[in-house]
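**Q** Single-letter residue listing:
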Amino acid sequence: EPEVTQTPSHQVTQMGQEVILRCVPISNHLYFYWYRQILGQKVEFLVSFYNNEISEKSEIFDDQFSVERPDGSNFTLKIRSTKLEDSAMYFCASPTAPSADTQYFGPGTRLTVL
Amino acid sequence: DQQVKQNSPSLSVQEGRISILNCDYTNSMFDYFLWYKKYPAEGPTFLISISSIKDKNEDGRFTVFLNKSAKHLSLHIVPSQPGDSAVYFCAAFSGGTSYGKLTFGQGTILTVHP
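In order, the protein sequence lines correspond to chains A and B.
Every position in the first sequence, counted from 1, becomes a number in this note's numbering once 1251 is added.
Every position in the second sequence, counted from 1, becomes a number in this note's numbering once 29 is added.
Don't read these hints as lab results, they were simulated from the structure.
Ideal placement from N, C-alpha and C gives every residue a C-beta, glycine not left out.
Among the hints, erroneous ones may be present.
Pulled a few chain B residues facing chain A out of the computed Cβ check, cut under 8 Å [claimed, not checked]: (1) Y68; (2) I79; (3) K130; (4) L131; (5) F133.
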C-alpha cells in the first residue's frame, strides 16, 4: 500500500494553544484530505485541498482551522486556538493518482488538549 | 446526518468461517464505495472498493457486493482469520458532487476466534 506519513504521532497541548499537524502525502497528487476521529466515534471529513486551494470543507472546519502546503510537498493542518473537544485522531489522506478514487490514509496524529 | 450506516456494532466469527459485514446508505448520489480496516491508534487501511456500475468486486478473500436498489453493500471475508480482527468501516463518496469527500459509517468490530 502506498505510504502517507504524518508527524507528530502524538501531540499534547494546553487549551488555547496553536498546533500544527503535518502530512507528507503520496507525491505528485493534487488532492489531499484531512479527517478526524474522536474516540469511539466515526471518522469524519474535515477538508479537501485541490491544487493548493480548499476544495470543500465540513461544518467542523471553522475559522480556527486552516490548511497549507507550505513547501510543495508537506501539507499542514493548523488549529489556532485548541479546545478540549479538538482532542481526536487526525488523519491525512491521499489518492494514489490524480484521478484515483481510492484514498490511502496516514497513521494519524493523536491530539490531546488539556 | 447518518448517510452511511453500519447497524451492527460488532460481529464474532469462528476462524475459517465467513464474515459478512453490512452497510446501508441513504444518499443516492453516492457512486463509489470503499471498505477500510482499522486498528486502534492507526490510520484506516484500504481493503476493497466498488463503483456503482458494478454489483460485485473480488480481491482474494475479500468480496464486496453492492445492491443499488436497496442502497446496501456488504463485505464478505472467506475464510476468516484471527488477523482479520479489527474495526471495519464502509465509506462512500459522490464523484459528481463532492469528489473524494468520504462519508464513513460508524464501524463494525470484527472478532475472529481461533
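**Q** Determine for every hint whether it applies to the structure shown.
**A** Right, here's what the structure says about each hint:
At its closest, the beta carbon of Y68 (chain B) sits 10 Å from a beta carbon of chain A; the interface hint therefore is violated under the 8 Å criterion. Residue-level restraint check for I79 (chain B) is violated (minimum Cβ-Cβ distance to chain A is 10 Å; threshold 8 Å). Contact between K130 (chain B) and chain A, as hinted, is supported at the beta carbon level, the nearest pair being about 5 Å apart and thus within 8 Å. A distance limit of 8 Å between C-beta atoms decides the matter here; for L131 (chain B) the minimum to chain A is near 6 Å, and the interface restraint holds.
The beta carbon of F133 (chain B) comes within 4 Å of a beta carbon in chain A, closer than 8 Å, and the hint placing it at the interface holds.
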